[in-house]
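Keeping their order, the protein sequence lines are chains A and B. Take 454 as the starting number for the first sequence in this note's numbering and just add one per residue. Take 243 as the starting number for the second sequence in this note's numbering and just add one per residue.
Keep in mind that the hints are not guaranteed to be accurate.
Calculated cross-link-like contacts (lysine-lysine; reagent style DSS-like; alpha-carbon spacing at most 27 Å) [said to hold, decoys possible]:
1. K284/B to K495/A
2. K283/B to K475/A
3. K297/B to K510/A
4. K495/A to K562/A
5. K524/A to K284/B
6. K562/A to K284/B
7. K552/A to K284/B
Hints listed in this document are in silico derivations from the structure and should not be mistaken for laboratory results.
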Amino acid sequence: GENVEQHPSTLSVQEGDSAVIKCTYSDSASNYFPWYKQELGKRPQLIIDIRSNVGEKKDQRIAVTLNKTAKHFSLHITETQPEDSAVYFCAASMGGGNKLTFGTGTQLKVEL
Amino acid sequence: GAVVSQHPSRVICKSGTSVKIECRSLDFQATTMFWYRQFPKKSLMLMATSNEGSKATYEQGVEKDKFLINHASLTLSTLTVTSAHPEDSSFYICSARDHGSGPDTQYFGPGTRLTVL
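Hey, can you work out the whole structure from these sequences and the hints?
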């Protein structure tokens with residue numbers, strides 16, 4: 454089955470700096486890659502997703518890049534703010550409504 | 243985005259009792275819902291895929307007789323933890339696919355914190 458690895462497990466940045474979280478996946482059939490943000494005790498919230506027919510997608514301060522050949526994808530957050538502090542999860546799926554396999558999560562802390 | 247609710251948000255029960263958790267899609271129909279379990283500071287582990295009108299598909303290692311799933315309507319799936327024990331204490335989260343947002347987009351419920359004494 455699919456295996457998703459995520460790095461780093463913790464990330465601390467200064468407010469205004471950029472943050473990058475990386476994930477790798479094992480199944481070349483995976484073609485849907487969402488990113489979720491989860492605050493403590495709350496539900497995961499979809500922040501951005503990308504499909505395998507696209508190499509990059511951007512939404513304001515958030516961007517995701519995908520390298521199908523290397524089977525890795527990354528989340529980029531620019532101009533970080535304290536409210537960006539949370540746990541971020543990447544996930545992969547074969548699409549078509551198939552299940553998501555989640556990475557292990559990254560605790561992002563944005564310091565003032 | 244689509245809204246998914248879960249009830250109850252928190253439950254404390256005695257060992258040996260059964261607990262039912264409801265997951266509802268409020269503004270869309272969900273033919274498929276997913277049930278996850280999350281331990282503190284850990285990732286989401288898929289337990290089962292719930293399909294409306296048919297049997298759930300359980301992930302390897304998940305006991306189907308212990309974690310009963312029913313998806314009787316397009317807006318409701320239930321997870322019943324039978325004969326709960328302390329090791330079943332966890333954060334249980336459901337998600338639902340909203341086809342209107344794309345076939346793969348999953349929206350999560352707020353989760354249910356289960357504590358078994």
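How the hints compare with the structure:
| no. | hint | result |
| --- | --- | --- |
| 1 | K284/B to K495/A | holds, 14 Å |
| 2 | K283/B to K475/A | holds, 18 Å |
| 3 | K297/B to K510/A | violated, 37 Å |
| 4 | K495/A to K562/A | holds, 17 Å |
| 5 | K524/A to K284/B | holds, 23 Å |
| 6 | K562/A to K284/B | holds, 17 Å |
| 7 | K552/A to K284/B | holds, 18 Å |
The earlier numbered hint that this structure contradicts is number 3, and it is the only one.
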